[in-house]
Amino acid sequence: MNPAGRKSGLFCGMTTVDIIYLIENLPAIDEKIVALDQLVVAGGPATNAAVAFSALGGKSTLASVLGKHPLAVTARNDLKKYHVSHIDLIHNHVEVPVLSSVMVRKSMGERSVVSINAVKIQAKECCDLNLLNGVDIVLVDGHQMKTSVQLCSYARQIGIPCIMDAGSWKDGSDELLPLIDYVICSERFLPPKCVTLQDVIEYVKQRGIRHLSITRGDKPILYIDNDREGYIEIDRTKVIDTLGAGDILHGAFCYYLLTSGRDFVKALAEASRIASLSCMYFGTREWIGMI
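Read in order, the letters of the sequence shown correspond to residues 24 to 314 in the numbering used here.
Hints in this document: simulated from the structure, not taken from any laboratory. Worth double-checking, as some hints may not be accurate.
In silico DSBU-like links for lysine-lysine, alpha-carbon gap of 35 Å or less [said to hold, decoys possible]: (1) Lys-143 - Lys-104; (2) Lys-289 - Lys-193; (3) Lys-169 - Lys-103; (4) Lys-104 - Lys-129; (5) Lys-143 - Lys-91; (6) Lys-169 - Lys-147; (7) Lys-129 - Lys-169; (8) Lys-129 - Lys-147.
Beta-carbon label-pair distances, calculated as ranges [what the hints assert, rightly or not]: (9) Gly-231 - Leu-152: 20 to 30 Å; (10) Ser-124 - Ser-191: 33 to 43 Å; (11) Gly-240 - Asp-286: 23 to 33 Å; (12) Ile-139 - His-114: 16 to 26 Å; (13) Leu-220 - Gln-180: 42 to 52 Å.
Here a beta-carbon is modelled for each residue, glycine too, at the ideal position from N, C-alpha and C.
All chains should be built: construct the whole structure from the sequences, respecting the hints.
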C-alpha cells in the first residue's frame, strides 16, 4: 500500500478522446439529426477503470498514450478532474490521439461506437518498472500489449495481483494470460478455436487462471473461483446508457478486491452493483456523484 494508506492501482492500456452524443434514435443513411446532449471525456477500457478506482477512494495511475496533440488536452484535463495520474508511454507522440465517436440511444441505453482502437499507437520502448513501486494492484486491457506483458511479468515476481480486462482476443493475449491472476472476460473474448463459453473457460484455465468471470450484458455474471462455479445476478435498474459499464466494473472490481481481502466473488458482486448504477446516467462520469 502507498504511504498515504489508500489502495494504489496501476492501469495500463488505451486512452481515447470520447465524443459522446445522447440521441432519440439512430440516424438513417444520409440523415442529419440533433443530439439531446453531448460530452467530451477521456475513454478507453483501462482509462474508465482507473477513473472508477479513483472515484471509489483508490489512488489511480494510468499508463497509456496521449501525446502532444491539442486534442489530448481534453483527455488530460478529464483525468486530472478525477484525480488520475497519467504516465504517457509515448510522450513525444504528435499525431491525433485515438478518437471514439459514440451515439447513445436514450430510450434503450444502447450505444454505437466507432474507433480505430490503439493498433496504430503502440509503445515500443521498455517501460519503467519503477511504476510498480507502492502499487497494490495492476489492471491491463491488452491494448498496449508489450507494456502490459512487461508490467505483469514483474508484478508477478514481486507479488502484485494482476487483472486482465479481456474484452476481445488480441495479438499477444496468449503471452499475457499466464501472467494474470484474475481474468474478467466479455462474451466477445474468443481465443483461437473457441466457440462456446465452456471452450473459453477451459482455454483460460489451461493457462493457469484460477479466478475467471464472464460478463454477459444484463445476464448474470458467470464466475469460476478455484473449484467453485456460480452466477452473480445483475441489479435491475432503469438503463439510460451502458457506455463504459464494463470498464467501470473492472475498476470497481480492483478496488473491492483489495478492500475485501481478495474475496473474488464479493468483489465481483460489489463491482456489478457499481456498474449497474453507472448505467442509470448519461456518459461515463455522472454516476460518480451518486455514490
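For each hint, the structure was consulted:
1. As the CA atoms of Lys-143 and Lys-104 are separated by approximately 28 Å, the hinted pair is consistent with the 35 Å bound.
2. Taken as a hint, the Lys-289 and Lys-193 pair is honoured in the structure, with Cα atoms around 29 Å apart against an allowance of 35 Å.
3. Pair hint Lys-169 plus Lys-103 holds up; C-alpha atoms about 26 Å apart against a cutoff of 35 Å.
4. At roughly 26 Å between alpha-carbon atoms, Lys-104 and Lys-129 fall within 35 Å of each other, so this suggested pair holds.
5. The suggested pairing of Lys-143 with Lys-91 holds, with an alpha-carbon distance near 16 Å, which does not exceed 35 Å.
6. Distance check on the hinted pair: Lys-169 and Lys-147 sit about 7 Å apart at the alpha-carbon level, within 35 Å; holds.
7. Simply put, Lys-129 and Lys-169 have alpha-carbon atoms about 38 Å apart, too far for the 35 Å limit, and the pair is violated.
8. About 40 Å separates the Cα atoms of Lys-129 and Lys-147, which puts this hinted pair outside 35 Å; it is violated.
9. Taking 20 to 30 Å as the suggested C-beta distance range, the pair Gly-231 and Leu-152 conforms, at roughly 22 Å.
10. The hinted window of 33 to 43 Å between Ser-124 and Ser-191 is violated, with their beta carbons roughly 19 Å apart.
11. The beta-carbon spacing between Gly-240 and Asp-286, approximately 24 Å, falls within the hinted interval of 23 to 33 Å.
12. Judged by the Cβ atoms, the range 16 to 26 Å given for Ile-139 and His-114 holds: they are separated by roughly 21 Å.
13. Judged by the Cβ atoms, the range 42 to 52 Å given for Leu-220 and Gln-180 is violated: they are separated by roughly 32 Å.
Taken one by one, the earlier hints fail for this structure at numbers 7, 8, 10, 13, listed in ascending order.
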